[in-house]
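J.: Just need the whole structure built from these sequences, with the hints factored in.
Protein sequence lines correspond, in order, to chains S and L.
In terms of my numbering, the first sequence opens at residue 1 and continues consecutively.
In terms of my numbering, the second sequence opens at residue 1001 and continues consecutively.
Hint data in this document are derived by calculation from the structure and do not stem from the laboratory.
Glycine is no exception: its CB is placed at the ideal position from the N, C-alpha and C atoms.
A hint or two may mislead.
[What the hints assert, rightly or not] Here are a few chain S residues that sit away from chain L, every Cβ distance over 12 Å (derived from the structure):
{"#": "1", "residue": "His70"}
{"#": "2", "residue": "Ile78"}
{"#": "3", "residue": "Leu80"}
{"#": "4", "residue": "Asp88"}
{"#": "5", "residue": "Asp111"}
{"#": "6", "residue": "Asn125"}
{"#": "7", "residue": "Lys133"}
{"#": "8", "residue": "Gly142"}
{"#": "9", "residue": "Gly157"}
{"#": "10", "residue": "Lys166"}
{"#": "11", "residue": "Lys182"}
{"#": "12", "residue": "Ala191"}
{"#": "13", "residue": "Lys197"}
{"#": "14", "residue": "Arg242"}
[Claimed, not checked] Among the chain S residues that face chain L by a calculated CB cut under 10 Å, a handful are:
{"#": "15", "residue": "Ala59"}
{"#": "16", "residue": "Ser153"}
{"#": "17", "residue": "Asn187"}
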Amino acid sequence: MKRLFIGLTALVMTTGLVLGSVANADPKRDLEEYQNYFKKRFPGLSLDDYADGHYSLPAAAAARTEWEEHMAFPPYEIDLVKGKKFWDENGLASCFKNGGKNIAQGYPYWDAKRKEIRTIEEDINECLTKSGKKPIKDLKKGLMAAVVAHFRSMSNGQRMAVQVPKEAEAEYEYGKHFFWAKRGQLNFSCASCHVLKSGQHAGGNVLSAGLGHTTGFPVYRLKWGGLGTVHRRYGGCNKQVRAKPFKAQSREYTALEFYEAYMNTGVPIKAPSMRE
Amino acid sequence: MRKSSKLFTALGAAVLMTGSLAIAPQAMAVGEMPSKKVCEAVDAAKDPVTAGGCLATDRKGGNCHACHTFAGIEKTRLQAGDLGPPLAAMKQRFPDKKKLRAQVWDAEAANRITVMPPFGRHKIVSDKDIDLIVEWLYTL
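T.: Right, here's the structure in full:
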């Protein structure tokens, strides 16, 4: 226990938990430290295992059996069909490189012309408006989640490969700071639960490793009774520590997704997925 | 009747262990958590230990079991987490009650990267209720 904490303090210091200063942003080093930390914490796991969220962790072995049974007849099948239908009927393939196949590993990405991070939800809506159609309003669930599920499923097996060019470093740091800063009345950071205490139990829940977050999304949650995007999940995680949730596609959650997705470099996409 | 005879043994045990006779009567037995019914009826002024035990497992109160296990939790429907150490032998480990209270009031003061919420500093639980929780802790 003691050793862990010393190690953590070191991690916390070097990854800039205290103050992420843009001047010495070093995404590559962050990535290496982050993945090494999990390698040490869960020595039995390969990078591929993290695609299964908390079900890959030793403490969730029993829940995994139940999950595998569910996954034999996944509850998101209907949504996936709906998403594909919408994709085809609206000619969405025409807006994306390679018709949208095998490109999700690069999302979210830094758009050098617009000087902003772009998410797949934004690109889908832009594609719709370009051809005179109405953008999808609800960015967290329902139709948008179904379309994103279809889009990301076309990249299954691709390893996450988000790029952080120099110009994107400020937004990267913004997302990183969001991940490591304590917030809310209950005073947790994302890292409190998904780094420091990953693999342990909060009540009956096994906390997933931050490594692998985003790769299975959108996920069908039994609790939601439907699909949700990763920004929907962020909102839930903020609320449970009595912190203010942000809107899906807000600057905060987009930067957070950018940071998390970059930390997932090398983890294969396995989407959509199912969670309890 | 079952409850009260247990209570009696429990009190006897507490007296034997601590050698103190100045223990207020408790509606909850040692090694058990109070039931919902007991919690609804408890008078904190007369029975601070039971009131504290009620607060400890209240989701809107301490919700301590989310992170700690302690005697009695296994007899409830609650699932204890393991983010923090088991709460046991509190009196031996915190002979200074003030230090124990400080741990609950603001765990961050002792450990900057702790995940234990600062119950007092962030007004998650009132100061009065923290005193009750500490009374309960001291019986573990």
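J.: Which hint numbers does the structure go against, in order from smallest to largest?
T.: 11, 12, 13, 14 and 16
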